[in-house]
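K.L.:
Sequence:
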Amino acid sequence: MEQKSVAEMATEIKTAFETKLDGVKEQAEKALADAAAGKELNAATKESLDVALTEMNGLKAQITALEQKAARGGGDDVDTRTLGQKFAEQDEFKSMSNMPRNGQAVSMEVKADITTARNDAAGSVGAAILPNRLPGILALPQQRLTIRQLLMPGRTDGPLIQYLQETGFTNNAAPVAEGALKPQSDIKLGDKSITTKVLAHWFRVSKQTLSDVAQIESLIDTRLLFGLQLVEERQMLYGDGTGENLLGIVPQATPYAVPTGARPASQTLDVLRLAMLQAALAEFPATGHVLNPIDWDNIIGLKDTDGRYIIGNPQGTATPTLWGIPVVATPAMTVGKFLTGAFQLGAQIFDQWTSRIEVGFQNDDFVRNKVTILAEERLALAVYRPEAFIYGDTAVAPAGG
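Just so you know, we're using numbering that gives the first Met the number 0 here: the sequence shown kicks off at 0 and counts up by one.
If you're looking for bench data, these hints aren't it; they were derived computationally from the structure.
Be aware that one or more of the hints could be misleading.
In silico lysine to aspartate or glutamate, DMTMM-like type, Cα no more than 25 Å apart, as pairs [claimed, not checked]: (1) 336 - 269; (2) 191 - 269; (3) 191 - 165; (4) 29 - 17.
Construct the complete structure from the given sequences, taking the supplied hints into account.
P.N.:
Structure (structure tokens):
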């Protein structure tokens, strides 16, 4: 039977892994749907999901092992035969085995045990072993920025953007008898004007550094762009609109308040559920929650009376959601606060300059062999409907408070 190569085995295992992953996703989505519908995850379903996850992780481990083997040089060309196997496979030995003659001998020269020693002894080949030096510089951890992804994207060719902001709507529509006075509904609209703002910063490096350590250039690019994203995230949430600051969502959002007739909150999950209800009653069903990672961790750490996690299985891979809408956990949100809202309907980003990297010489940079690397973007944030966003404390308000 022909032995399969590493590449062939990797292909087969990856195919099996993808099939198993699809099955796990299907079961997880069904479990989430049942949870959203108020159905409790039964023991059989949980056991089936656990088994599927275990099998999937096992296949993933096999893929990782094959990748590591290939990275170590354990490909198809590596000779893993023992000295005995090599000796037995020599043509001279095979010939002698078929037609043995008196006095005939077969030898395989092994001058010395080959070792990794670096001295002058026989068999020392350590000096020929190349060090396994990892290229580049270890990148710093980066924040996962996703608030922009929740918002409606847009483009603008000018720095001034004018729009109507809806600040209230009272629906008095009702059946009307023939000849009777028809009811009047109220809507509050206001003219808003915003201007695009520039977010920027730069580094200065020597040309020798860029040419001698190629990875530094990409690292600088990455860190510069990441810095823009980080300040953008905070500006979209808390910008106060003064000077060159964006006017963020939080300063314009509607304060959280338990809707009349709703059952008061007893934990943070209830607060977020009631915030969704508050947005829905304003005719803007929520499409996302924004929380600080600490508050999100407190939520996913909740357990029932049997010690089981309420928010999914710790082994699960589902995207963080609550009642079917995504949860964005970002350090840009203040601890103990939340923002829930209809992000697609309620606000929009307008990019005049998308994030860019520029390189040039400033002042005497040229004669000093230095280069200035600049990252910048120009954007505006329009909040069309403040009622679409609910902002408040994650902590449960005391009774009567």
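K.L.:
For every hint, state whether the structure bears it out.
P.N.:
Hints versus structure:
no., hint, verdict
1, 336 - 269, "holds, 14 Å"
2, 191 - 269, "violated, 34 Å"
3, 191 - 165, "holds, 10 Å"
4, 29 - 17, "holds, 18 Å"
Hint compliance for this structure: hint 2 is the single one not met.
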